[in-house]
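Top line first, the protein sequences correspond to chains A and B. Taking numbering that gives the first Met the number 0 as reference, the numbering of the first sequence is continuous, increasing by one, and the terminal residue is 270. Taking numbering that gives the first Met the number 0 as reference, the numbering of the second sequence is continuous, increasing by one, and the terminal residue is 270.
What the hints contain is simulated information worked out from the structure, not anything from laboratory work. One or more of the hints may lead you astray.
Any copy will do: because identical chains look the same in the list, a pair fits if it lies in one copy or spans two.
List time: in silico SDA-like cross-link candidates among lysine to any residue, alpha-carbon distance up to 20 Å [stated by the list, open to error]: (1) LYS99 - GLN157; (2) LYS242 - LEU75; (3) LYS84 - ILE31; (4) LYS241 - MET269; (5) LYS162 - ARG266; (6) LYS234 - TRP178; (7) LYS135 - SER12; (8) LYS93 - LEU231; (9) LYS135 - ILE213; (10) LYS241 - ILE265; (11) LYS199 - MET269; (12) LYS242 - ARG266; (13) LYS35 - THR69; (14) LYS35 - SER175; (15) LYS162 - SER12; (16) LYS214 - ILE252; (17) LYS84 - ASP236.
Since the structure is predicted, the reported quantities are computational estimates derived from the model, not experimental observations.
Protein chains: 2
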Amino acid sequence: MRRVALKVAYVGSDFYGFQRQPNLRTVEGEIIDALKKVGLIEQVENCSYRIAGRTDRGVHALGNVFSFLTEEEVILNQINDALPKDIKILGQAKVPYGFKPRFAENRHYRYLIVDQYIENPDFNLERMILASEIFKGTHNFKNFSKRSERNPLRTVKQVSIQKNRDVITVDVEGESFLWNMVRKMVAVLLNIGNGDLDLKEIQEYFDPEKQVSIKPMPPEGLILMDITYSGLQFKYDLYAKKKFISCLMEKCIYQKTIAAIEEDMIRILMD
Amino acid sequence: MRRVALKVAYVGSDFYGFQRQPNLRTVEGEIIDALKKVGLIEQVENCSYRIAGRTDRGVHALGNVFSFLTEEEVILNQINDALPKDIKILGQAKVPYGFKPRFAENRHYRYLIVDQYIENPDFNLERMILASEIFKGTHNFKNFSKRSERNPLRTVKQVSIQKNRDVITVDVEGESFLWNMVRKMVAVLLNIGNGDLDLKEIQEYFDPEKQVSIKPMPPEGLILMDITYSGLQFKYDLYAKKKFISCLMEKCIYQKTIAAIEEDMIRILMD
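Excised from the complex, chain A in its bound form (with noise of 0.2 Å):
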């Protein structure tokens, strides 16, 4: 039996989240049913299956990635093949017996937040750049995340803020975070980019003792980009880069004509 890691792309939209549920289309789920129907396992619960990122129902994904043993030989195309449009495996790596997907050196998440979040006609992407930079190095997170949480204290390694057009795009990277932790601090950096939260503020909602509650973004925003490790090269496939591209094309053509039929009704019905 050999060790082997893929990581895997999705859209969550359509997903009642990662984590397998008995009668609910879950990534998982699918994941599972596909490595079966292909001959890789036989039952999850003998190939030592182990997953990287248990994303919330809604998040997304261009590099989650997961790991199993198998006696087969792994042919992605065939996988995607057995796989729904919405996910795709992109890339497959050769690892060690014992390789732990859960322990990664860094994890990116990406964070999108479309104008119609910006509430203020004064809102200052500047203070919210400030913000990002006290959130870099390591922090109690205890109010960023459940409060029961045991070990709170977690390193950013980055965040960074970009504002195209009309989206601004938060990359957060580390080794590790909390539940929530991502959609709890983009949620502060655009409170603190409306105006509505002060930028002394960030620190105190670092100190434990005390409690603060913050509402997270919604899941739909956020992607996890990719999850490394140190020595470990992917390697990735074309054709299924351009499968996953075209499912893409497909839902994005759907939403925008749907966002934009929903924003010509408003502006009708407010006049």
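With the hints as your guide, set chain B onto chain A.
Same frame as chain A, now just chain B:
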């Protein structure tokens, strides 16, 4: 018993079309359930229920019209509370006992084309506008519907085309339209704009002896904007409008976020 006409708006995306079907979520099914729930009708079979436009699955409306007989007072907000948030009754009118909503004076449809449909870098809006002029007037629209249509003559009163930032708006008005006719007209107009079809060819499409197969534009871009009747004024309800706007805003921010995510993923994968 009095006859009432109600003006109804809905976002078509989450329905299996308009017409009621057992065990499926349809616009009509939800409306009839709500009318029963608030006690306006007992059975749909006994209230002389009539509808102006049976929109296709995925098509939206701001001003579809239905009517029925009732002895009770019609309170819009009561019906709206019984309706899901993606359907709202926006106005009502007292109508003669024999009123048939099908026989309208004017129907206004709008189709929104997002710029992903523009395939040609030399896309020509002017040609599209010239083409729209050709559609005006009375023509044989056999090629723009099912070929089995009994009376394929229709009069198009108005076609107008506008483009703003990234959406082309096509407004079409007439007394009545054949099935799929507007979506097929827009498909032809788009082909003209993209340079895939010549202006001269449109006239041939009106020749019932020539058999042309036109792939209609997808339903999600179409709104039934309004249906009007000679001498009939609907009384609109501001609160109902407000409720529908808030549903539209919530949906719009969600769709825009996912579209932005998909665009971002496409960009990254194409690199």
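Within a copy, between copies, both or neither: where do LYS162 and ARG266 come within 20 Å Cα-Cα? between (25 Å within a copy, 16 Å between copies)
Using 20 Å as the alpha-carbon threshold, which applies to LYS242 and LEU75: within, between, both, or neither? Cα proximity of LYS242 and LEU75: one copy only (12 Å, versus 48 Å across).
State whether the alpha carbon distance between LYS214 and ILE252 is at most 20 Å within one copy, between copies, both, or neither. between (30 Å within a copy, 17 Å between copies)
Treating 20 Å as the Cα threshold, decide for LYS135 and SER12: within, between, both or neither. neither (30 Å within a copy, 42 Å between copies)
As a check of your reading, is LYS234 near TRP178 (CA-CA no more than 20 Å) within one copy, between copies, both or neither? Neither: 29 Å inside a chain and 50 Å across chains, both beyond 20 Å.
Treating 20 Å as the Cα threshold, decide for LYS99 and GLN157: within, between, both or neither. Neither. Shortest intra-copy (24 Å) and inter-copy (65 Å) distances fail the 20 Å Cα cut-off.
My question is about LYS93 and LEU231: at a cut-off of 20 Å on alpha-carbon distance, are they close within one copy, between copies, both, or neither? within (8 Å within a copy, 73 Å between copies)
When no copy is named, should LYS84 and ILE31 be tagged within, between, both, or neither for a Cα gap of at most 20 Å? within (15 Å within a copy, 36 Å between copies)
Homomeric proximity label, LYS242 with ARG266: Cα distance no greater than 20 Å: between (36 Å within a copy, 14 Å between copies)
Within a copy, between copies, both or neither: which one fits LYS199 and MET269 at a CA-CA cutoff of 20 Å? neither (38 Å within a copy, 41 Å between copies)
How would you classify LYS35 and THR69 at a CA-CA limit of 20 Å: within, between, both, or neither? within (11 Å within a copy, 58 Å between copies)
Which holds for LYS241 with MET269 at a C-alpha limit of 20 Å: within a copy, between copies, both or neither? Between copies only: 8 Å across chains, 42 Å inside a chain, cut-off 20 Å.
In this structure, the hints that do not hold are numbers 1, 6, 7, 11, 14, 15, in rising order.
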